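Residue numbers (my numbering), protein chains in the order written: chain F, 1 to 176; chain A, 1001 to 1166; chain X, 2001 to 2393.
Hints in this document: simulated from the structure, not taken from any laboratory. Note that the structure is a prediction, hence the values are computed from the model and not measured. Note that CB positions come from ideal geometry on N, CA and C, so glycine has one too. Do not take every clue at face value.
The list that follows gives simulated cross-link-like pairs (lysine-lysine, DSSO-like), each with its CA atoms no further than 27 Å apart [as the list claims (entries may be wrong)]:
1) A:Lys1129 / X:Lys2124
2) X:Lys2083 / X:Lys2158
3) F:Lys114 / F:Lys155
4) A:Lys1023 / X:Lys2017
5) X:Lys2196 / X:Lys2017
6) A:Lys1129 / F:Lys15
7) X:Lys2124 / X:Lys2196
8) F:Lys165 / F:Lys108
9) X:Lys2196 / A:Lys1129
10) F:Lys155 / F:Lys171
11) F:Lys114 / F:Lys157
12) F:Lys114 / F:Lys165
13) A:Lys1023 / X:Lys2083
14) F:Lys139 / F:Lys165
15) F:Lys72 / F:Lys157
16) X:Lys2063 / F:Lys41
Partial pick of chain X residues on the chain A-facing surface, computed with a CB cut under 7 Å [to be verified]:
17) Leu2109
18) Val2143
19) Ser2157
If you want the footprint, here are the derived chain X segments under chain F, 3+ residues with CB under 8 Å [what the hints assert, rightly or not]:
20) 2250-2256
21) 2354-2366
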Amino acid sequence: MAITVPRPDLSAAEKTYLPALWEGLKVTARHFKNNLFGKGKVTMEYPEERWDSHLPEYYRGVPALVTDEHGKDRCVSCQLCEFICPPRAITITPGEIPPGDTFAKTEKRPQEFKIDMIRCIYCGMCEEVCPEQAIFLQKDYLVVGTRREDMVHDKQKLYEIGGLKTGLVNKWDEKK
Amino acid sequence: MSPALFWFFSLMMIAFAILVVVKRNPVASALSLVVSFIGLAALFVSLDAYFIGTIQILVYAGAVMVLFLFIIMLLDLKAEEKRVVTAAPLIGGIVVGFTFLTLLIRVLAGNANGKLPMPALPGPVDDVKRVGELLFSQYNLPLQIIGTLLLVATVGVVVLSKRELK
Amino acid sequence: MPDFIQPWLFLLPIIIKVVVVFAVVMGLVAYASLAERKVSAFIQDRVGPNRVGLPLTLLGFKKDLAIGGLFQPLADGLKFLLKEDLTPGHVKPFYYWLAPALTVVPALLTIAAVPFGSTLFGYKMVVADINVGFLFVFAIASVGVYGIVMAGWSSNSKYSFLGGVRSSAQMISYELSMGLSLVPLLLVMGELNLGKIVEYQAWHGWTLLPFTDLRIQWSPHWEISGLNWREILLWIPMLISFVIFTTAVFAETNRAPFDLPESETELVGGYHTEYSSMKFACFFMGEYAAMITGCALITTLFLGGWHLPIPIIHDGAFSLQTRTGDHGTLWGILNILTFLGKVIFLVIFFMFVRWTLPRFRYDQLMRLGWVWFFEIALANIVLVAVLLAFFPK
Chain F
1 MAITVPRPDL SAAEKTYLPA LWEGLKVTAR HFKNNLFGKG KVTMEYPEER
51 WDSHLPEYYR GVPALVTDEH GKDRCVSCQL CEFICPPRAI TITPGEIPPG
101 DTFAKTEKRP QEFKIDMIRC IYCGMCEEVC PEQAIFLQKD YLVVGTRRED
151 MVHDKQKLYE IGGLKTGLVN KWDEKK
Chain A
1001 MSPALFWFFS LMMIAFAILV VVKRNPVASA LSLVVSFIGL AALFVSLDAY
1051 FIGTIQILVY AGAVMVLFLF IIMLLDLKAE EKRVVTAAPL IGGIVVGFTF
1101 LTLLIRVLAG NANGKLPMPA LPGPVDDVKR VGELLFSQYN LPLQIIGTLL
1151 LVATVGVVVL SKRELK
Chain X
2001 MPDFIQPWLF LLPIIIKVVV VFAVVMGLVA YASLAERKVS AFIQDRVGPN
2051 RVGLPLTLLG FKKDLAIGGL FQPLADGLKF LLKEDLTPGH VKPFYYWLAP
2101 ALTVVPALLT IAAVPFGSTL FGYKMVVADI NVGFLFVFAI ASVGVYGIVM
2151 AGWSSNSKYS FLGGVRSSAQ MISYELSMGL SLVPLLLVMG ELNLGKIVEY
2201 QAWHGWTLLP FTDLRIQWSP HWEISGLNWR EILLWIPMLI SFVIFTTAVF
2251 AETNRAPFDL PESETELVGG YHTEYSSMKF ACFFMGEYAA MITGCALITT
2301 LFLGGWHLPI PIIHDGAFSL QTRTGDHGTL WGILNILTFL GKVIFLVIFF
2351 MFVRWTLPRF RYDQLMRLGW VWFFEIALAN IVLVAVLLAF FPK
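Excised from the complex, chain F in its bound form (with noise of 0.2 Å):
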């Protein structure tokens, strides 16, 4: 159903438009004046500014690799994340693990693990699918670099950026 929105019945002086243009005038002019003086800036001026700081618990950054505290790389390359990414832009080679390893009981470990950040969006189903907690979604957010190679991470960049992670579900641990 339409809905007719009634128009304002205007006084004289209203409808000269003067009033209104000089209350605009002075909004818009004591806005000038704070900020001519330092005063009310919004903006953040960033190389110098960062929101490092500033950044939310749930902010989405590079997706990375981790490892846990016994050293153990905590991707079993099951190739889960690289089937649900949306863009198509993790590629797992996956790789046995030699018997006479710790973690040989794992069976396998990511030969290669790349993610091109030209196609990544940052969605976060690869942390949301990963059955061995491996793979989180960092707080970085600077991925510079001058050639497409540049912007894809292989399996030691992200492990770099990943780091260790401690607290996880350690469900592969002799111990147990």
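Take the given structure of chain F and dock chains A and X to it, following the hints.
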């Protein structure tokens, strides 16, 4: 003003006046007419008639032709097809043109006053004031009549266009 | 000095004036664009351009000097020059190339008739001191429509076309009330020469503040002179003229709140949608040059041009005095600075209005122009004529 400028502006006027007729694209024709008007204004200015020169640009180039152009653009007139030139209008046009030119030349050549050098004007002429005084004293009645006529025409246009809407 | 130069020497001061005025106007255009960005930023609680300064790192220093982004116009100009100059395939090339030039030239030409100072070293501070200066300004301004119309038509795209049509309709409409609003001024002053209009204001008071020859004496006895009914009564129609003229200048220069020809929300970029690089910059410069010329005109016609009344207290009497270049070179320079100051003040006022008011609707714009301003301007002329009949000079 030096004769060089006179020849430049008059040749420019004539060239663009010819372009108005020759050009097949209506917008190009209209713009050529504007340039022609500007040449005419320059000639007026060269005769120390600043007022008429400026009014020429203000009224013709600035208002009338803008309206023309506006309407041409709104109607989206396409460039005319190449006209088929038939013998009769061509010969007729040439005859009329030549007759007029001969007449003009003979009259100008026969008029002795046309050859007299005009004395240079003593200084800047207050032409606006003179035109105004002349209009409001000697030619007051014609001026009032023209004013009334224009007013009637304006009211008539408004009435007619309002009727069209109903 | 060789003899053959002698007859051409009179050109020298004219050429100097042309070059200086051109340079100053172009500088003002460049810095008006920076000022616009700064003013809009401050009004909206932002910072505005603050990075481009002296690139001292190129010379081996540790840090660049930003000086509040003062060199931003240079960077902008360089960017416009170096950008790809694209001529779309669907345009009509000849008119497409002609249009930007036709926008800039009239805007810059108009300033020629505006007196920007009294006298300096005995020369009048105006490029072209013509008797019909006033009409000349209007003639050139009316030709300025062509650039926009042509840009809109030759671009051969719907946005450009609508922008061009809107703009020409708007300019034709407001030219009328603009011209009519100034007839009362001419009735009072009886002059078309802009230089003489300013001189009239210097001796008889500004059009907007007609009390310059005010004189208040308190010793030995209390007395006010320089106030008369004629001035006070004629003040009212002058105020009306001022409001109409200023609003018409807003509309003529296509600035907010009358920027319908390029309203981004409806028409992308309006008549310059299809333009890029330096050709776009021409439209941009044309718009700012037109704004500066408009402000210079308002200053000349209503705010006393180069005139600055100097308050003087002498023998227990307060009065305002006029000083021109005839009183000394310093006064001449002060007059030029006064004119520049008034123009810059008005330009900043224009910017404030742009960042304060929302855009008018097209029917409101036409209604304001034809129904209100046109009629009020006509009534204003009659009012002044009647007043002048009762209070002759």
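Hints, verified against the model:
| no. | hint | result |
| --- | --- | --- |
| 1 | A:Lys1129 / X:Lys2124 | holds, 23 Å |
| 2 | X:Lys2083 / X:Lys2158 | holds, 25 Å |
| 3 | F:Lys114 / F:Lys155 | holds, 6 Å |
| 4 | A:Lys1023 / X:Lys2017 | violated, 41 Å |
| 5 | X:Lys2196 / X:Lys2017 | holds, 19 Å |
| 6 | A:Lys1129 / F:Lys15 | violated, 41 Å |
| 7 | X:Lys2124 / X:Lys2196 | holds, 11 Å |
| 8 | F:Lys165 / F:Lys108 | holds, 20 Å |
| 9 | X:Lys2196 / A:Lys1129 | holds, 15 Å |
| 10 | F:Lys155 / F:Lys171 | holds, 23 Å |
| 11 | F:Lys114 / F:Lys157 | holds, 9 Å |
| 12 | F:Lys114 / F:Lys165 | holds, 20 Å |
| 13 | A:Lys1023 / X:Lys2083 | violated, 35 Å |
| 14 | F:Lys139 / F:Lys165 | holds, 14 Å |
| 15 | F:Lys72 / F:Lys157 | holds, 16 Å |
| 16 | X:Lys2063 / F:Lys41 | holds, 24 Å |
| 17 | Leu2109 | violated, 11 Å |
| 18 | Val2143 | holds, 5 Å |
| 19 | Ser2157 | violated, 13 Å |
| 20 | 2250-2256 | violated (count 0) |
| 21 | 2354-2366 | holds (count 3) |
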